[in-house]
Amino acid sequence: MIIIPEWSTPAEIERDIPVIRQLREYWESLNDGLPPERDQIDPEVIKGLLPWMLLADFEFDPFRVRYRLTGTQVDKDTGYNLTGKYLDEYLLEPLEEGVGKLQQAYERVWRSEEPFIGTYQWSGPWPVPIKMPFGIFPLKVRGKVKQALGIEQLPRESVYDDVKTWRDYLAIQKAGGPSKRDLMDYR
1 MIIIPEWSTP AEIERDIPVI RQLREYWESL NDGLPPERDQ IDPEVIKGLL PWMLLADFEF
61 DPFRVRYRLT GTQVDKDTGY NLTGKYLDEY LLEPLEEGVG KLQQAYERVW RSEEPFIGTY
121 QWSGPWPVPI KMPFGIFPLK VRGKVKQALG IEQLPRESVY DDVKTWRDYL AIQKAGGPSK
181 RDLMDYR
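Read left to right, the sequence shown gives residues 1 to 187 (the working numbering).
Hints were generated in silico from the structure; no laboratory data involved. Computed from a predicted structure; not experimentally measured. Don't take every hint at face value.
As the list claims (entries may be wrong) - Lysine-lysine pairs mimicking DSS-like chemistry, simulated, CA-CA at most 25 Å apart:
no.	residue 1	residue 2
1	Lys144	Lys101
2	Lys47	Lys76
3	Lys47	Lys85
4	Lys101	Lys131
5	Lys47	Lys140
6	Lys85	Lys144
7	Lys131	Lys76
8	Lys76	Lys101
9	Lys140	Lys85
10	Lys131	Lys85
11	Lys144	Lys131
12	Lys85	Lys146
13	Lys146	Lys47
14	Lys101	Lys146
15	Lys101	Lys140
Unchecked claim - FRET-style restraints, in silico, Cβ to Cβ:
no.	residue 1	residue 2	range
16	Asp42	Glu96	30 to 38 Å
17	Glu93	Glu37	15 to 23 Å
18	Gly100	Gly79	16 to 24 Å
Glycine residues also receive a C-beta, built at the ideal position from the N, C-alpha and C atoms.
Work out the full structure: start from the sequences and follow the hints.
Structure follows, in structure tokens:
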């Protein structure tokens with residue numbers, strides 16, 4: 001059975017989800033830990049991280065987050081192509097709690113100009129929400145923080161090795177649940 005860890009610190013998240021640590025290290029290397037200009041980002045250097053990444057634009061009065069680009073794995077895991085969508089479009093049940101936390105995290109990153117690593121509850125087609133680990137890293141456009149790189153990745157293990165019945169599947173859900181892709185592959 002898959003066990004989704006209980007993370008309480010960014011270091012624990014980075015330990016279990018290396019893509020978040022790798023993006024943080026890359027981001028910090030660009031401007032000594034301060035927000036870099038977006039044009040400093042070289043997609044070729046972080047090519048292996050792109051499937052789990054998002055590029056978000058910030059809008060103001062009121063503060064809103066619009067996804068400019070989303071990685072293929074983000075779209076698979078969420079079940080949506082988020083490119084061109086506003087985060088607050090998803091402020092509805094059963095997504096409201098997780099989306100609200102993400103909205104607050106993006107605004108915190110914009111105001112503080114510092115990265116944020118945490119988790120949010122993601123509700124999918126399974127009855128038990130899962131913890132989605134994420135990182136948000138601010139980017140400057142002409143000297144002002146107006147965008148962010150985001151990254152998120154579901155913990156991946158072979159969740160179906162021992163699945164024989166729907167009871168086994170429900171036990172997996174109670175432990176945190178599979179990604180939507182895994183759900184579609186369920187046999």
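Taking the hints in turn, this is what the structure says about them:
no., hint, verdict
1, Lys144 - Lys101, "holds, 23 Å"
2, Lys47 - Lys76, "holds, 18 Å"
3, Lys47 - Lys85, "holds, 23 Å"
4, Lys101 - Lys131, "holds, 12 Å"
5, Lys47 - Lys140, "holds, 21 Å"
6, Lys85 - Lys144, "holds, 22 Å"
7, Lys131 - Lys76, "holds, 16 Å"
8, Lys76 - Lys101, "holds, 21 Å"
9, Lys140 - Lys85, "holds, 21 Å"
10, Lys131 - Lys85, "holds, 22 Å"
11, Lys144 - Lys131, "violated, 31 Å"
12, Lys85 - Lys146, "holds, 16 Å"
13, Lys146 - Lys47, "holds, 23 Å"
14, Lys101 - Lys146, "holds, 19 Å"
15, Lys101 - Lys140, "holds, 23 Å"
16, Asp42 - Glu96: 30 to 38 Å, "holds, 36 Å"
17, Glu93 - Glu37: 15 to 23 Å, "violated, 39 Å"
18, Gly100 - Gly79: 16 to 24 Å, "holds, 19 Å"
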